Amino acid sequence: MPIRLPENAVKSDPKKLVDKNQNLIHTELMKVTSHTQRDQGEWILHSLMVEGCDVPFKFKRKDNYQNLKGARVNLTYYPAHESVAGIEFEYMKVVRIKRG
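Numbering-wise (this note's numbering), the sequence shown opens with residue 226 and increments by one.
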């Protein structure tokens, strides 16, 4: 079932986002190998692993998202770091995701 946006919804253009912020990276048609969804307070934390990359891609949503395992997605993201038990881990913070 396709998701319908309201007529006044703003659609983000990845080229404009990347032009505004030089740290952003845009990739297209990345194949998702793993997709997990975990409750984190009132947010749902989503973690994706994509083919050919050993760093997770993370984003938050208010609700559960459709399972993306095996799907091709377009991602706009930037590298980020988090510290867990004193160890630094790199991950990719997703600012825009769309099925390809």
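Keep in mind that the hints were calculated from the coordinates and are not lab data. In this text, all values refer to a predicted model and were calculated from it rather than measured experimentally. Some hints here could point you the wrong way.
For lysine-lysine, the following DSS-like pairs were computed, each having C-alpha atoms within a straight-line distance of at most 27 Å [as the list claims (entries may be wrong)]:
{"id": "1", "residue 1": "283", "residue 2": "323"}
{"id": "2", "residue 1": "256", "residue 2": "285"}
{"id": "3", "residue 1": "256", "residue 2": "294"}
{"id": "4", "residue 1": "323", "residue 2": "294"}
Cβ-Cβ distance ranges computed for the label pairs, FRET-style [said to hold, decoys possible]:
{"id": "5", "residue 1": "311", "residue 2": "288", "range": "10 to 20 Å"}
{"id": "6", "residue 1": "311", "residue 2": "256", "range": "11 to 21 Å"}
{"id": "7", "residue 1": "256", "residue 2": "304", "range": "28 to 38 Å"}
{"id": "8", "residue 1": "309", "residue 2": "264", "range": "15 to 25 Å"}
{"id": "9", "residue 1": "254", "residue 2": "311", "range": "17 to 27 Å"}
{"id": "10", "residue 1": "310", "residue 2": "251", "range": "24 to 34 Å"}
{"id": "11", "residue 1": "253", "residue 2": "311", "range": "20 to 30 Å"}
{"id": "12", "residue 1": "307", "residue 2": "259", "range": "24 to 34 Å"}
{"id": "13", "residue 1": "296", "residue 2": "320", "range": "15 to 25 Å"}
{"id": "14", "residue 1": "305", "residue 2": "269", "range": "30 to 40 Å"}
{"id": "15", "residue 1": "286", "residue 2": "307", "range": "12 to 22 Å"}
{"id": "16", "residue 1": "308", "residue 2": "254", "range": "11 to 21 Å"}
{"id": "17", "residue 1": "309", "residue 2": "269", "range": "14 to 24 Å"}
{"id": "18", "residue 1": "287", "residue 2": "324", "range": "17 to 27 Å"}
Ideal placement from N, C-alpha and C gives every residue a C-beta, glycine not left out.
Within 27 Å, alpha carbon to alpha carbon, are residue 283 and residue 323?
-> holds (14 Å)
Is 17 to 27 Å a correct range for the gap between the Cβ atoms of residue 287 and residue 324?
-> The hint (17 to 27 Å, Cβ to Cβ) holds, given that residue 287 and residue 324 are roughly 19 Å apart.
Satisfaction of the hinted span 11 to 21 Å by the C-beta atoms belonging to residue 311 and residue 256 | violated (33 Å)
Are residue 309 and residue 269 spaced within 14 to 24 Å by their CB atoms?
-> holds (20 Å)
Is it true that the CA of residue 323 sits at most 27 Å from the CA of residue 294?
-> holds (13 Å)
In this structure, is the beta-carbon distance linking residue 309 and residue 264 contained in 15 to 25 Å?
-> Hint holds: Cβ distance 18 Å, inside 15 to 25 Å.
Honestly, do residue 253 and residue 311 meet the 20 to 30 Å range at C-beta?
-> violated (36 Å)
Are the Cα atoms of residue 256 and residue 294 separated by 27 Å or less?
-> With a Cα-Cα distance of about 8 Å, the restraint between residue 256 and residue 294 holds, given a limit of 27 Å.
Range hint compliance [Cβ, residue 311 to residue 288, 10 to 20 Å] | violated (33 Å)
Supplied distance hint 15 to 25 Å, evaluated on CB atoms of residue 296 and residue 320 | Holds, since residue 296 and residue 320 (Cβ atoms, about 19 Å apart) stay within the stated range.
So the hint says 11 to 21 Å: do the beta-carbon atoms of residue 308 and residue 254 match that?
-> For residue 254 against residue 308, whose Cβ atoms are near 32 Å apart, the range 11 to 21 Å is violated.
Indicate whether the distance between the beta carbons of residue 307 and residue 259 respects the range 24 to 34 Å.
-> violated (18 Å)
The structure is inconsistent with the numbered hints 5, 6, 7, 9, 11, 12, 14 and 16, although it conforms to all the rest.
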